[in-house]
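There are 2 protein chains.
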Amino acid sequence: NYFFQYLSFIVWTVALAFCSSVIIKKLCYAAAGSGIPDLKSIFSGFWNSSVVQPRVLIWKVLGLLFSYGSGLSIGKEGPYIHISAILANTLLNIKPFKNIATNETQRSQMLASCCALGVAATFGSPIGGVLFSIEVTGTYYLIQNYWRAFFTATVGAVGIKILLSTPSNDLLESYRTSFESLNLATVQLLAFIITGILCGLLASLFIYMYSKIYTWKKHNQDFIKKITPYGEVIIVAAVTAVITFPLKFLRLDHASAVHTMFTAHDGVNTEELKVWTDSMPFNNSILLACFLYILVKLVLTAVSVTLPVPYGIYIPLFAIGAAVGRFVGESMKLIFPHMKDIYPTGYAVVGAAALCGGATRTVSSAVIILELTNDMTFLVPVLLGVVLSCGIGNLLNHSIYDCFLRNKGLPYLPFVKIKSDSLVAKDVMKREFRYVTRKTTLLRIQSVLDNVLDYAIPIVESDDNLFLIGTISRTTLEEVISYHERLHSYSLKSPIEGEEDGSGNTIITINSQNHNYYDNNDNDNSLLLQEESSQIEMNLIPKSESIDQLDSNQQTQSQLQNGSTDHQDINNNNNSGDIRSSLSLNNEIIIDIVHMELQNPWVVIDTSPIHIVESMPVRKIIFMFMMLGGNVLFVTNKGQLVGIINKTDIVQKGYLHHK
Amino acid sequence: NYFFQYLSFIVWTVALAFCSSVIIKKLCYAAAGSGIPDLKSIFSGFWNSSVVQPRVLIWKVLGLLFSYGSGLSIGKEGPYIHISAILANTLLNIKPFKNIATNETQRSQMLASCCALGVAATFGSPIGGVLFSIEVTGTYYLIQNYWRAFFTATVGAVGIKILLSTPSNDLLESYRTSFESLNLATVQLLAFIITGILCGLLASLFIYMYSKIYTWKKHNQDFIKKITPYGEVIIVAAVTAVITFPLKFLRLDHASAVHTMFTAHDGVNTEELKVWTDSMPFNNSILLACFLYILVKLVLTAVSVTLPVPYGIYIPLFAIGAAVGRFVGESMKLIFPHMKDIYPTGYAVVGAAALCGGATRTVSSAVIILELTNDMTFLVPVLLGVVLSCGIGNLLNHSIYDCFLRNKGLPYLPFVKIKSDSLVAKDVMKREFRYVTRKTTLLRIQSVLDNVLDYAIPIVESDDNLFLIGTISRTTLEEVISYHERLHSYSLKSPIEGEEDGSGNTIITINSQNHNYYDNNDNDNSLLLQEESSQIEMNLIPKSESIDQLDSNQQTQSQLQNGSTDHQDINNNNNSGDIRSSLSLNNEIIIDIVHMELQNPWVVIDTSPIHIVESMPVRKIIFMFMMLGGNVLFVTNKGQLVGIINKTDIVQKGYLHHK
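From first to last, the protein sequence lines stand for chains A and B. Here the first sequence is numbered in the working numbering, starting from 13 and rising by one per residue. Here the second sequence is numbered in the working numbering, starting from 13 and rising by one per residue.
In isolation and in its complexed conformation, chain A is listed as follows (with noise of 0.2 Å):
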């Protein structure tokens, strides 16, 4: 019987973690992992749209389904995290919040937002929630967004107070403590230190562990794939299964282990007590229980969090620290056996909340802590023992999340260190760039879109000096060109000549009298193209004036008139019209952007971009585009536009190393 309970153990363990394994692998990359590090690396300026797509959300609530309850050593919170930033980003696709959020700043500010509810519902701590999800994404934080995560983080946790009003379906009721008062004035005060510091080193450990299984996994890739595609998860699961059924304490679920940690003491849940120390052989049991608590837990999440299913690392840790706690507070009460305040369980608290810190580098888990146990008693110990933890863990090695980002290659500013301090931006920028000029046709504006990705062009006086006017976005340039293709088809309807204004400027007078294309049901329509059309009449210079301005007249009427030939011809031609052979010859029209600018409200440049010189070291430029936001920087010298360096390309050319 206990040989079949065992066996079937396994089997469902692995059995559901093959199956996440499988909705990952085959069905959606995305919704593997955390989700913290990918919304680190959005917030940091590198928008990803696959990481925060409806469907991600789908697979990753599956998938996470399978794994967290396989029994694998991984927590939740990072998914949760997750969703709700992929919950936000739907909405934000919705008719009624579309508006809000047209550029990536604001649609970032609420993404953080959103993930301070992701902490908020998960713990019911809103303020540790937006405290968290600031220290864990971001590398600074404009204070006039603190009122809207709050916000945000306070909906989230009336929502969960209603939701979970009556007592009974309080699940985070476990946990909850009550604790008399502490003198900190003792002996104790050193042994919350010990807890801190332990802690810290504990979170090294296990990230240095973590590191460790990920790059030998790396290096023999090869070898695990021959065995099976799955392999590796269904070795881990096997293992872990086979690990934690025969220690009744190990295959608890978190939350359980962290209630018993956090409550049970002598007289108060003693049963739940009993199921850690029975299987041990000692008396005081409970401190081998704990220890061997720390060492399995901690090894089983390592390797688990390298496998390809959702997982978080939040709880599994926390469980663990409160072992630790645990171990240092039941080690007090057996050195000072005779003095009155020493709760083995408060320590538990302190150690929860320290390896957590440790491990994420996030201050904000004593919040989280104080938050979830509804408890402020034990506030400086905990917040003594984070602190520590935290520090002693920079001191030693980068945060979990900061690994994950690592690993996963993904493109994060604050995070690469430079190779050489001497390397300047002349060193890392793209000399070959696209650029469109001051007096350009349709034709180099389509191409400069077909070949650029950047959302900001540059715009510079001509391709002789190339001083650099200013940029204008792609949307506004792909406007330009769809404006003078609906100018141009009307234009193919009505008369066209050629006269002179009074500036000396040669232009094409579009007679918008004969507004022939439009029903009569149309005039309001019309109207407003006439209107369009007159103002259109300044920027359709023609491209001979370019060439040769005080001597260009003759040349341009006569252009003029075999253009308004042509026009005429295909308009006799069509009606179906080849618009192809129109387009083309509308493409040789120069157009001046800069007047295009002054007299369409819509048409927007940018006419200061910032410069930079040849010489600015590449840190200075990583940190601009840190504070300043932006993709591009524009390289200069004496107002020439000599190269254009790319957000992107910075972080993912060979000029920088992951620290």
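Check before you lean on any hint, since a few could be wrong.
A pair counts as met if it fits within one copy or between any two copies, since identical chains are not told apart.
27 Å max Cα-Cα, derived DSSO-like pairs, lysine-lysine [to be verified]: (1) Lys438 x Lys650; (2) Lys438 x Lys260; (3) Lys632 x Lys650; (4) Lys442 x Lys632; (5) Lys650 x Lys451; (6) Lys632 x Lys438; (7) Lys110 x Lys260; (8) Lys260 x Lys286; (9) Lys438 x Lys230; (10) Lys650 x Lys442.
No lab work stands behind these hints, which were simulated from the structure alone.
Use these hints to put chain B onto chain A, whose structure you have.
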């Protein structure tokens, strides 16, 4: 007897307030007010050492003792934060810490951390302290400083805990609450929302009143001063005493008032409650008492914070907010007499947090109150109240600290609003500016140093083209001068001969063999100087070279001969020597700063200052100042320096007006 008490109460109040006012007006005006606005200005990049000098500390403490003790309706949190900052700054000037904070950024960070400590110590709320100081002083916050601030605050909290370790000694005990669990899914949720909105409105009203009183006083300054220089203080103190004496609960200190509001209800602390109700006519007179308290205190506080005394506003608002909350709670009890878990004391907690949050516009007020009451039960209602109150407040006017800031005329970037959106760099830049040319004389450097206050001084290619090469710090320029003076006073002792080096530059070789200037004991020293003098060879390029490079050899040669003759003349004349004349000679020598940088590691040129174009909108310039720090931006046109924009100028000049 009653009359005598009344009179002595008035006399005491007036006398103490008068003393405080004398301290401020006669001895140290920088100690006036809250201190938070001054720090806010410092943290936004406008260093003002007069605010953080040790003498301010002494007068602030003394002044606060008198003003707080007098019974004026003021608090002490702001001054505590200010005192912490001064302590930090004083420590930073002492030996072991002097090196830590050589640059202003680090110094500001250190001060900011200590501000967190100030709040942490006042309220025993380390987490709230950190968050409050972040919100109140910053525009944005670097996450990397989170840990430092929390570490400082934790140390402070541990200190406070140990100092107050015996419960009878616990100054914060009076704020402790212990509520039963709360069900939010009832009409109470609505009541909490109403409390939040009401507090937001009252907070805005308070700020409005303060502004009106301040403006009125400003316009009638002459009239007020005519009566007596301390007239306003005496009148306000007298009125405060006259109003608050008859109703005993009005002259309670704020902590006692809060204690009653937070804890006294049916059966508990009824004695304290009687102080409030006994002087009232009706049965449910607590409602009337609260109403009176709110009315009187709100007006008195708004008047008191216009006085020239040290004051805080947090604790009075805390007490008023508690009364507002209590008022709502007691009303709820009247309206729903049969509902079970209505705690008017809980409403008082929500109200206190919400009113403070509304006036200071900080969400962290919620955290402070949760830590202060040591009770998490009302977490969600408190947060809800604060978030709503802040939101309502932000819709109506600016935070009270921003009003202080504006009235004090302190420079603060994020607070200014540009008069016109079309204002660009060209309109605000200084067209007349001092600069150093690449090849310059000591005389010119000295003249620039005498006339410019900026830290970073631009270096341009030449007077003709003004091409911006980089910037150099004042300190470095001063060192360059003293270096050359030292070199010259040394060269006075040694024969000088002109010769031509390989690169065609005419240089002065200082014969470093003859070091008769030094004792024989100083061998090491003189060797050092030998190296220095041979290093400097390249940098001493005679002036003539810059005038005519091609045809200058003979001219230079002759000039050099003249020069060396002069040198030897002086050399012959002196030992106590007329240094002035030798300096004036030295001033003629042309120094190539770029050359100097290449050869002397201590000459640092920032070759990548941030260029901006003339068409950059002022809005964007302010954003750059805010995010990138620094004090100066250089406006260039095709590489040519055309203007300088100074952060201080932009705030002080009329281009901008406060919102």
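Each hint, compared with the structure:
Taking identical chains as interchangeable, the C-alpha atoms of Lys438 and Lys650 lie at most 27 Å apart whether they share a chain (14 Å) or sit on different chains (18 Å). When the C-alpha separation of Lys438 and Lys260 is checked against a cutoff of 27 Å, the pair qualifies neither within a copy, at 63 Å, nor between copies, at 75 Å. Taking the shortest Cα distances, Lys632 and Lys650 sit within 27 Å of each other both inside one copy (20 Å) and across copies (22 Å). Proximity of Lys442 to Lys632 under the C-alpha cut-off of 27 Å is found in both arrangements, the shortest distances being 17 Å within a copy and 26 Å between copies.
Taking the closest pair of Cα atoms, Lys650 and Lys451 come within 27 Å of each other both inside a single copy (21 Å) and across two copies (20 Å). Taking the shortest Cα distances, Lys632 and Lys438 sit within 27 Å of each other both inside one copy (13 Å) and across copies (25 Å). Proximity of Lys110 and Lys260 under a CA criterion of 27 Å is satisfied in neither setting, with 51 Å inside one chain copy and 58 Å between copies. For a Cα distance limit of 27 Å, the shortest separation of Lys260 from Lys286 inside one copy, 10 Å, qualifies, whereas the shortest one across copies, 58 Å, does not.
With identical chains, the CA atoms of Lys438 and Lys230 are never at most 27 Å apart, being 35 Å at best within one copy and 57 Å at best between copies. Taking the shortest Cα distances, Lys650 and Lys442 sit within 27 Å of each other both inside one copy (18 Å) and across copies (20 Å).
The structure fails hints 2, 7, 9 (numbered hints given earlier, in ascending order).
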